[in-house]
Amino acid sequence: MSVKDLIRFDNFSFKYNSRNDKVLEDINLNIKKNEITVLAGPTGCGKSTLLRAIVGLIPNMYEGEYTGEVTVDGIRIRDAEIKEIAKRVGFVFQNPENQIFMFSVERDIAFGLENLSLEQEIIKNRIEETMKTLNITHLAKKAPHELSDGQKQRTALAGVLAMEPKILILDEPTSLLDPKTATEFMELMNKLCKEREMSIIIVEHRLDLVLKYADRLIVLSNGKVISNDTPENVFDYKKEVIPELSVPFSTKLYRELAKNSMKFSKPVTGVEEMIKEVKK
Amino acid sequence: MQFIANGFIYRKSNSIIHRLDPRIKLLISIQLFTLALLVSDLYNLLVIFTAITIFSLLGRITQRLLRTMIFATGFSALILIINYFAGYSLIYSIQIALRFISIVCSTSLFFLVTSPDELEYVLRWFRLPRDLVFAFVTSVRFVPVILMDTLQIMDAQKSRGLELEKGNPIKRIKKFVPILVPLIINEVIRSGELAEAMESRGYGISKNPTSLYSLKLSNFDIIVMISTIIAFTSIILLVY
Chain A
1 MSVKDLIRFD
11 NFSFKYNSRN
21 DKVLEDINLN
31 IKKNEITVLA
41 GPTGCGKSTL
51 LRAIVGLIPN
61 MYEGEYTGEV
71 TVDGIRIRDA
81 EIKEIAKRVG
91 FVFQNPENQI
101 FMFSVERDIA
111 FGLENLSLEQ
121 EIIKNRIEET
131 MKTLNITHLA
141 KKAPHELSDG
151 QKQRTALAGV
161 LAMEPKILIL
171 DEPTSLLDPK
181 TATEFMELMN
191 KLCKEREMSI
201 IIVEHRLDLV
211 LKYADRLIVL
221 SNGKVISNDT
231 PENVFDYKKE
241 VIPELSVPFS
251 TKLYRELAKN
261 SMKFSKPVTG
271 VEEMIKEVKK
Chain B
1 MQFIANGFIY
11 RKSNSIIHRL
21 DPRIKLLISI
31 QLFTLALLVS
41 DLYNLLVIFT
51 AITIFSLLGR
61 ITQRLLRTMI
71 FATGFSALIL
81 IINYFAGYSL
91 IYSIQIALRF
101 ISIVCSTSLF
111 FLVTSPDELE
121 YVLRWFRLPR
131 DLVFAFVTSV
141 RFVPVILMDT
151 LQIMDAQKSR
161 GLELEKGNPI
171 KRIKKFVPIL
181 VPLIINEVIR
191 SGELAEAMES
201 RGYGISKNPT
211 SLYSLKLSNF
221 DIIVMISTII
231 AFTSIILLVY
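Protein chains in written order, with the working numbering: chain A, 1 to 280; chain B, 1 to 240.
Rather than coming from a laboratory, the hints here were simulated on the basis of the structure.
For glycine and all other residues, C-beta sits at the position ideal for the given N, C-alpha and C.
Mixed in with the good hints, there may be bad ones.
Claimed, not checked - A few chain B positions that, by computed beta-carbon distances, are all more than 12 angstroms from chain A:
#1 30
#2 70
#3 89
#4 117
#5 200
#6 205
Unchecked claim - Heads up, simulated DSS-like pairs for lysine-lysine below, C-alpha to C-alpha not over 25 angstroms straight-line:
#7 A:33 - A:191
#8 A:141 - B:12
#9 A:87 - A:132
#10 A:83 - A:32
#11 A:142 - B:12
#12 A:224 - A:263
#13 A:132 - A:194
#14 B:216 - A:124
#15 A:166 - A:142
#16 A:239 - A:266
#17 A:194 - A:238
#18 A:124 - B:12
#19 A:266 - A:276
#20 A:212 - A:124
#21 B:166 - A:141
#22 B:175 - A:124
#23 A:276 - A:194
#24 A:83 - B:207
#25 A:124 - A:152
#26 B:12 - A:87
#27 A:15 - A:224
#28 A:166 - A:212
#29 A:152 - B:12
#30 A:142 - B:158
#31 A:224 - A:259
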């Protein structure tokens, strides 16, 4: 395992007890420190199972046939206690409503910290700092039903960030957000990745929103990794498009233009890049 | 229905009663409840009513407490009639009916001025098992969410031609099956997601989790506590 590898899958396969076939098969992956990784693939391809394996919900909560190894920040998930994993990995689920447990934003942010048995002063400081980072200080005393979807998303994220994880996993974080709020959210993720030196894994179907920030794009299909490369390499016009991916419009345009002999300095994965290339 | 429900639901406020330590609020509520159970004559019941009214005025919850009273009056009228026709005197039947209203109001008083957060702290202070406290907290927390789910499913089914308002009572009850089935499925899925989120945020990893706030009695709390205990004991001594 390289020093920079934060997550590593070695020949990992998993089959739920309730199913006859393997959900993930022979996965070999390494995710580095301080990188934003986008995980894409069609519904049912095994994305959620992969995330559960990183967080330790597999095998701690879901029983099944577990082969190979998953290592997160040097610890073997198979042998690790949830406590050890919870300190390292934060998981923001798709629906923030289901992960806000308490009656006020600040109490909900405190939930994970209380579970870690941190002292009251430390909890207060972490809450204050996290709320400032996410610009939700004004929501501290608000009840969950008083929050908008975007505010709920930030509250759920704050609850996880306050635990200061090295790895942050976001399952379709923009699905409930309008395009403007989604872009702001992704800007914030990019900032956090750099400032806190975190690795961020994002599961997302709307690639046009996230590719701009991604260092790596992993594509899953039928429980197997079919692509693991930089977004630029995945969408290079010389390569075939992976049918499982919804290609952003700007990338489609780039591929068509490049095939018709227009020169680009590098493959285009976003609107802004396309504008820059056209200006050149 | 919503009119009655508002008579039991907490609303944020900064009144002198809202600011009290939740344990003191519980103590006051228990004292009023106990007195309502113990005293039987009209004069003492009026004293309890006066106390409830004073607390509701200080807590600025009089209007909502009135809703509780209206709710309780319906039942107490039934109690009065049953007692009267069972052969008890009219005065005694009125006393029993008033006692019922006092019991309901003293309980409602606590819930009207205590936030669910404070309620959780009180339960934790009683050292109840954490799983039990958390189950209580999440069930209260998800009441509005489940209510929203129900309304959405009802709208969806109505838009597909389900007429909930038509037919005799049995038919109407049967019509709720297409609402209950998706609702139960939704909530089972939700509980699975909730469990995953709890695990990933370290629920249960510590036998002694810490707390963001701890309950601490202020001087004012202590004064209120002592005053109410004196008043409570005096009434008990006067009655017996």
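Taken at face value, is the distance from the CA of residue 132 of chain A to the CA of residue 87 of chain A at most 25 angstroms? holds (21 angstroms)
Would the pair residue 124 of chain A and residue 12 of chain B pass a check requiring their Cα atoms to be no farther apart than 25 angstroms? Since the Cα atoms of residue 124 of chain A and residue 12 of chain B sit roughly 22 angstroms apart, the hinted pair holds (cutoff 25 angstroms).
So residue 200 of chain B supposedly isn't at the interface. Is its beta-carbon more than 12 angstroms from every beta-carbon in chain A? violated (4 angstroms)
Has the given pair, residue 224 of chain A with residue 259 of chain A, been kept, meaning a C-alpha gap of at most 25 angstroms? violated (30 angstroms)
CA of residue 175 of chain B to CA of residue 124 of chain A, is that 25 angstroms or under? violated (50 angstroms)
Taking 25 angstroms as the top limit, are the C-alpha atoms of residue 15 of chain A and residue 224 of chain A close enough? holds (13 angstroms)
Please work out if residue 124 of chain A and residue 152 of chain A have their alpha carbons no farther apart than 25 angstroms. Status holds; Cα separation ~20 angstroms.
Is residue 266 of chain A close enough to residue 276 of chain A, meaning Cα to Cα at most 25 angstroms? holds (11 angstroms)
Hinted pair residue 142 of chain A and residue 12 of chain B, Cα distance within 25 angstroms: Within the cut-off at roughly 10 angstroms; holds.
Given the hinted pair residue 132 of chain A and residue 194 of chain A, is their alpha-carbon gap at most 25 angstroms? Since the Cα atoms of residue 132 of chain A and residue 194 of chain A sit roughly 17 angstroms apart, the hinted pair holds (cutoff 25 angstroms).
Regarding the assertion that residue 89 of chain B does not contact chain A, is the least Cβ-Cβ distance greater than 12 angstroms? Given that every Cβ of chain A is farther than 12 angstroms from that of residue 89 of chain B, nearest at about 48 angstroms, it holds.
Residue 224 of chain A paired with residue 263 of chain A [C-alpha distance capped at 25 angstroms]: Judged against 25 angstroms, a Cα distance of about 34 angstroms means the pair is violated.
Checked against the numbered hints given earlier, this structure breaks hints 4, 5, 6, 12, 15, 17, 20, 21, 22, 26, 30 and 31; the rest are met.
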